[in-house]
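Asks: The residues making up each chain are set out below.
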Amino acid sequence: MTLIAQTALEAVEGIKDGSTVLVGGFGMAGMPVALIDALIEQGATDLEVVSNNAGNGDTGLAALLAAGRVRKVICSFPRQSDSYVFDDLYRAGKIELEVVPQGNLAERMRAAGAGIGAFFCPTGVGTPLAEGKETRTIDGRDYVLELPIHGDVALIGAHAGDPMGNLVYRKTARNFGPVMATAAATTIAQVSHIVALGDLDPEVVVTPGIFVDRIVHVAQETP
Amino acid sequence: MTLIAQTALEAVEGIKDGSTVLVGGFGMAGMPVALIDALIEQGATDLEVVSNNAGNGDTGLAALLAAGRVRKVICSFPRQSDSYVFDDLYRAGKIELEVVPQGNLAERMRAAGAGIGAFFCPTGVGTPLAEGKETRTIDGRDYVLELPIHGDVALIGAHAGDPMGNLVYRKTARNFGPVMATAAATTIAQVSHIVALGDLDPEVVVTPGIFVDRIVHVAQETP
Amino acid sequence: MTITVTLDRTIEHLDRGPLTRDEMAQAVARDIPDGSFVNLGIGQPTQVGDHLSPDSGIVLHTENGMLGMGPAATGDDIDTDLTNAGKVPVTELPGASYFHHADSFAMMRGGHLDVCVLGAFQVSERGDLANWHTGAPDAIPAVGGAMDLAIGAKDVFVMMSLFAKDGAPKLVRKCTYPLTGLACVSRVYTEHATFLVGGSGVTVVETFGTTVDELAGRLDLELGLIGS
Amino acid sequence: MTITVTLDRTIEHLDRGPLTRDEMAQAVARDIPDGSFVNLGIGQPTQVGDHLSPDSGIVLHTENGMLGMGPAATGDDIDTDLTNAGKVPVTELPGASYFHHADSFAMMRGGHLDVCVLGAFQVSERGDLANWHTGAPDAIPAVGGAMDLAIGAKDVFVMMSLFAKDGAPKLVRKCTYPLTGLACVSRVYTEHATFLVGGSGVTVVETFGTTVDELAGRLDLELGLIGS
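Protein chains in written order, with the numbering used here: chain A, 6 to 228; chain B, 6 to 228; chain C, 2 to 229; chain D, 2 to 229.
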């Protein structure tokens, strides 16, 4: 059953200290900024954040980090021109970092959502990111064993949602949202539009409502 | 580059003896009957067929089997009320059978298309279908190691295709098509409609054209 | 999902039973919480759908790629591109969605469905399920989605007759037929009684037209009573 | 995909070179077969797109979830929901499609892309790639899609300057920087020359403003000649 929350703060209610939080978005596209802001207000701390980046400038994920709420970041690319909040915390030893190749990040969450216990992946074989991991040659190719990444909560951005929780996305803002929705115990989506039941063509639904627990309408600058 | 073939026979050109052929469809929904008929005419033999079922009545897959072209069937459910062609061949020892749980069939082809070397799957643990397979306990749950199923050729049915090979499906006729398209070296789709480039909304494409090598228009009874 | 069991109801219903198949389907339907995502297996379990209230918010999944499946289609509503897992034409409800087979089984395997209802040849006291193969040497093996369904829902309910045609109990200490899944069944609905299985063994929830003692005499099992 | 190399062309071009970055991008573009599916890495490789002919049928993939990516967006065409992997606003061409990150990287990992063009710190003679980490102890590690791209195309082309700022060759016997992928690069485009790597070692395809002998003197490598 999907709850239509009235405010972003209501949508993030109950997120516990110590949670693993999957945060969608690639750059600003698909970034659930209102939900992150609400999470800062909500107060949960000691979080493990899984996201492609580790925050930009002073807003969104960077603000959550700056507020001292994040114990560990699992991401593919923390270092950016404006990732100074993360950079400072990391250099000061105040935050843990697990760097994961971008496709493995997606596939490990996909495995979590799909009930796969582990998978042999060719990415990163022979590199420092495979160190300490089991490797195996299958059919003449080398693979590294990768484990699922489960979230307690996923915060994602989508274009439109209906009262069943079905979601559609816009262009490359789709990115991590559909995967994270499957990988978390509780998925919370901020959507630019809430539409009536039956208004989404069943053929074009990208995230079926079964994966979505709460949605909240947040006006966004893109259509 | 996707070829728009003028006939189903042209579409199946070059399929070699001994090929592994993935055949879409679940019941009649999504079944590429015209392509199977063309394959019978084309003449390739000693085939390994991967499909959910093993033919019904005397047409389609059953006709391919009856023509003696299939060495082995990998499927989830061969036995049906009208699977007498397969049943007779199997009882006469004239065809090999590998029974795979339906979800593993899909996931093993997905792994093939996604470059995954193998995956630990909870389905079938402790059952006869896991016998002889590696098992492992991960995070307290038992899993069986499953290997990818690669196809030389996939024959699938879709609703509409464009000149890039992008495909959309109709309702539950989607079933195995999108997965098989990713798992085969050559994917051939029969479509009810060929539309102009730009006529498919990029948001609703289910199978991107990169996975599709040849399409052919075949009038079908559903819209 | 936690199945809430009403503890103050009578366990032995001597005034009615054994249940008809339709009454068994009704008993299953009554225990599915509102708002659940549910997969109904091929055959008898499909009948459970007839007893789900439209305002229950229960959403039906069919493993051939759909959520929001409606009742069987008739007449002009029949569309050969829209069937359930039993290949019977069905309808689409508002809020439905379609997806491919890998996504559909990922949804099941990933534990996103609340309840799955299946038929069975045998269920063991610890919840092992045997429902795909009789073990007969000349049978052509065919598993379909049985093993995926068995491990693919938070709760697996079984609907079956309690005794085989030869009188042998189908609720047993240990399955003798080839297994479909280990320790996966949580509830068993039969014409004579409803049972909880797994964990601490077999518990009788309700009987129909028979007493617990009579049942115990016909089953080679320790029977606990709900609420005791 | 087989890269066809024209064998009758002159290897040493002494009349031009070293190439500008734009000329290098042009050299890469010329070697991408019509109809290929191509991923252009962030930075310099993106420039290759400027030299691909619209009627080549080449389709660009961006790993953040799109096939059929068009040129950078300007003015009113800028849409913050539509960017490339470098987070630069781009446009959509007819025949495009969108998909999520797991599907996008499955497409790469599964070997469906024909060519990927990447930058590099170092490439080894057997095609090992180092392009994600300088190995500096105080650097914050960040890999992005580099490792996925390295193993995710039938052919990986590298565009880089042949020498580092300190004059050290970047085409080497063995990489000293942390690796991105093993034996994955097939071609290396530099301002001084284009090379084939992997398999039988380093082969010079063309030089620009320098002779093969001069190059051999500056590189600690055995150099083969194309067609010899």
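Derived from the structure by calculation, the hints contain no laboratory data.
Note that CB positions come from ideal geometry on N, CA and C, so glycine has one too.
There may be inaccurate statements among the hints.
[As the list claims (entries may be wrong)] Calculated Cβ distances over 12 Å to all of chain C for the following chain A residues: (1) M6; (2) D63; (3) R84; (4) E136; (5) I143; (6) D147; (7) T187; (8) S197; (9) A201; (10) L202; (11) D204; (12) V210.
[What the hints assert, rightly or not] Subject to a maximum C-alpha distance of 30 Å in a straight line, what follows is the list of computed DSS-like cross-link-like pairs (lysine-lysine): (13) K77(A) <-> K88(D); (14) K166(D) <-> K99(A); (15) K21(A) <-> K77(A); (16) K99(B) <-> K88(C); (17) K138(A) <-> K99(B).
Asks: For each hint, tell me whether it holds in the structure or not.
Replies: Evaluation of the provided hints:
no. : hint               : in the structure
1   : M6                 : violated (4 Å)
2   : D63                : holds (36 Å)
3   : R84                : holds (32 Å)
4   : E136               : holds (29 Å)
5   : I143               : holds (20 Å)
6   : D147               : holds (25 Å)
7   : T187               : violated (6 Å)
8   : S197               : holds (19 Å)
9   : A201               : violated (9 Å)
10  : L202               : violated (5 Å)
11  : D204               : violated (9 Å)
12  : V210               : violated (4 Å)
13  : K77(A) <-> K88(D)  : holds (24 Å)
14  : K166(D) <-> K99(A) : violated (34 Å)
15  : K21(A) <-> K77(A)  : holds (15 Å)
16  : K99(B) <-> K88(C)  : holds (28 Å)
17  : K138(A) <-> K99(B) : violated (45 Å)
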